[in-house]
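Participant: Using the working numbering, read the sequence shown as starting at 6 and increasing by one per residue.
Don't read these hints as lab results, they were simulated from the structure. Note that beta-carbon positions come from the ideal geometry of N, C-alpha and C, so glycine has one too. Treat each hint with caution, since some may be false.
Distance windows between CB atoms, simulated [said to hold, decoys possible]:
1) S203 to N98: 19 to 25 angstroms
2) D103 to Y31: 26 to 32 angstroms
3) L174 to L111: 42 to 48 angstroms
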Amino acid sequence: MYAAGMDQTVEIAAHQLSRMRGMTRYYHERFFSDIRLQVVLTIALFVVGLWEVEGAFLLVPVVALYGAVQTAFDASYLIFARQYAARLEAYINGRLDDPILVAAKLEATYLFPLDDRKIVTAAFGSGFSYFGFVTLFFTVLGVATYTFGLILGLSFLDEAGSGWTLGYLGSLFATTALAVTVGWWWFVGGEGERRLRSMLDSQFPTQLEDQ
């Protein structure tokens, strides 16, 4: 099945591949767990706010921002695991008489491609998929709840005084701008995957095809 003398290295690579596949499953589950938590908290805060506790509305943008950062963190680990898994598959395939590992290529085609410009996991152009749509759907939903929560809470801020208004809006917008800037640099700008590719290229000199 594979060349003589390669038994141990292929076995080690296969073990590592199993670990990376476990990570992709875990962070998919973690992503949707975090989304569910965000949805429950957001609905609860809107309900409390509508019960005339208007200050609750001001927590909605905080929850939305936290959810965006947390789920992007989940996605960063998903990308990490997929990058390593793709290299391990190529490494193992290169030592098999009959290369049979195609999960990385299936993921790149059906879910989202690696090493392309994308908004976290939503690729542009031909790489766009339903997976990308779900990412954008949750992103737009988060932006909408952030905006509505802020608008509904403005009257509460006005009553609290200009000092509270400036403090709240200043800290919220500064944190939002920081999260968007770092996220753009890491995901859309490709810094995260460049670092992974640089490291993996040094360990797996043979370039992957279609990854």
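Participant: Each hint should be assessed against the structure and marked as holding or not.
Facilitator: Now for the hints, and whether the structure bears them out:
Checked against the hint of 19 to 25 angstroms, the C-beta distance between S203 and N98 comes to roughly 22 angstroms, which is consistent with it. D103 and Y31 have their C-beta atoms about 30 angstroms apart, which keeps the hinted 26 to 32 angstroms range intact. Against the hinted window of 42 to 48 angstroms, the Cβ-Cβ separation of L174 and L111 comes to about 46 angstroms, which satisfies the hint.
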